[in-house]
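Enquirer: Each chain is listed here by its residues.
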Amino acid sequence: MRRAELLMALVLGAFSAYLMVKSAELPIGWIPDEGPGGGAFPFWLAFGMLLCCVWIVARWVRRKSPPSRSTEPYLAVTTRSTIIRVIVALTLMIGAIHIIGIYLSIPLFLLYYLRVMGGHRWPLSVAVSVITPVVSFFFFEIALRITLPKGYTEPLFYPLYDIFM
Amino acid sequence: METFDLLMQGFSIALEPLNLALVIFGCALGLFIGAMPGLGSVNGVAILLPMTFLVPPTGAIIFLAAIYYGAMYGGAISSIMLGIPGASTAVATTFDGRPLALAGKADQALITAAGASFIGGTISVVLFTLFAPPLAEVALAFGAAEEFALMMLAFATFIGLGGDDIPKTLFSIFIGLVLSAVGLDIISGEPRLIFGDLPGFFHGINFLVLAIGIYGIGEMLWTIESSHGGVKVSQASFSIRRIATHLKGLKHSLKASLMGSFLGYFVGILPAAGATPGSIMAYGMAKTMSKDPDSFGKGNIEGVAAPESANNAASTGSMLPMLTLGIPGSPTTAILLGGMVIWGLEPGPMLFVEHQSFVWGLIASLYVANLFAMLINLAFIPAFIGVLRMPFTILAPIIFVLCLVGGYAPTQNMHDVWLILIFGIVGYLMRKLDYPLAPAVLAIVLGPLAETSMRQALLMSDGNLMIFIERPISGPIMGSAVVLFLLPLLKLFRKSRVPASD
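Residue numbers (our numbering), protein chains in the order written: chain A, 194 to 358; chain B, 4 to 505.
The following block holds chain A by itself, in its conformation from the complex (with noise of 0.2 Å):
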């Protein structure tokens, strides 16, 4: 924890000093009969959380914030590979999302998830996998005229259109 704690001031602040260098590119100084210019708001802010994470890493040399302290492992055991499998599912179905779209990536999610993260028997894993994107249809596309990605799944649809719209 007393790694991560510094390893993340240290990351945010190089963050901070990115988007002050960023903001710049904007004038940041006072124009005549136009007020401040367009970049100084982000950059004197950006200014202002590397002030902070100065003041976190002070705190960190200190001893003085809980994380700074404490000794468990910033990630436990236990949870550790749940958690990593969660974002890089989460990941792997949002990338997926730009190729086979959104309704043949949700079902695929929804699979190993309650399958194979959750453990749950077959019938259940399949019909919500398959109610989740029937609903998402039917609620976006017909009710709210809102298209979802579909890659290169589009030709698919043709026919549902026909029917519904």
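Please note that the accuracy of each hint is not assured.
[Claimed, not checked] Cβ pair distances, simulated, as ranges: (1) ASP437(B) with VAL281(A): 24 to 32 Å; (2) ARG278(A) with GLU5(B): 55 to 63 Å; (3) SER230(B) with PHE331(A): 26 to 34 Å; (4) GLY146(B) with ILE339(A): 38 to 46 Å.
Since the hints were made in silico from the structure, they are not lab data. Keep in mind the model is a prediction, meaning the values are calculated, not measured. Glycine included, C-beta positions come from ideal geometry on N, C-alpha and C.
Assemble chain B onto chain A, guided by the hints.
Expert: Coordinates of chain B only, in the frame set by chain A:
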């Protein structure tokens, strides 16, 4: 009497078939969300906001307010039955609710919680009705400097009253404000902070993206980690007669409920405080006021009544500054405020002039929601207890999918879905290190407003910062903000001086 007439008009809107149906559905859904461990009003409102595009704006905000209300009632259910707070707002309810359930008095605790919530809700809505119009009238005189000072006060309450690590709270406020600045500069129209020249950043970072990331994905990861161990559901038996007896028994805890209602309402108005500290403070007050303080924590029914009335009262209280001043009183109302901006209903004093029927429709719907939340709660307690037995491995993936699809819907841009994932993961990692995230959500909603009002005020004064201090209303507000900022710093210095003198 004018207020009364307006309220009656409001009821005619709130009782329209569609709006009434939305209130009832919202209450039921809110109860469900509140009862689930790990999900509270803020998660429900953040995840479901995109779904409300189906109905007109008035209906949508009424629906979300009903969820907010229902979740406050529902939080007690898992606090009592599982000993795990269903939402952070129901933490104090576990102190005495759990011992009561273990002693076989779960039904008494649940019914008292519902009754106390109703008392808290009713008192606070009446106070709201009386306070809102005069406050909005005063706020009409506010200019850019006053607006900015109010926002500073909102942020200062996080530092002064939040009780979290100060540099981390400040960092959270700053990053929220910087993220709100991404996109096109409001005054010059130039693009700024376009990371990696990605076109998705040109329309800015929607507050919903951050809110769904933190309160959807991040919260789920957090719950997966913390709920790893098994939980045990207590038994409760119900019959009409027992319900009636317990409802009559409410008068024994009436004093605690009344105290909780008033305290919760006023604490709820403060931006950083809201329902969670409100309910904990009410618990502490009930304990000090009680003739038998030692029985608290071992199953005293007043220990359930006080925090439950307070968290409902606080949720109404936090709507007061949101509607009248445009400054949200809690993370949930911050998201509601963002939603109202999307629908073209800019909160603030002008709302009471320009959209009078909407405002009063919403206020009247709070009365209706309060009543229905209690009735649904009492009628379906066994069903909500059943909800607690639902395995998290079914609910979690469905919520993940809901977050991503819901995050895509408003802008229809995959860019936002990736951002939700990134905010969710980073938010989860930061939360593990005690970074408070609610200030960031509040900041991203208020950011554009804060920047415009600051720049306008500075333009008026030609760059002179004294404008914030010299004006008669802005000055005292700014002053109290500074005091709140300095309060914890003084404490810090005193603490570090004491060991040095030893």
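Enquirer: If you test the structure against every hint from before, which numbers come out violated?
Expert: Structure breaks no hint.
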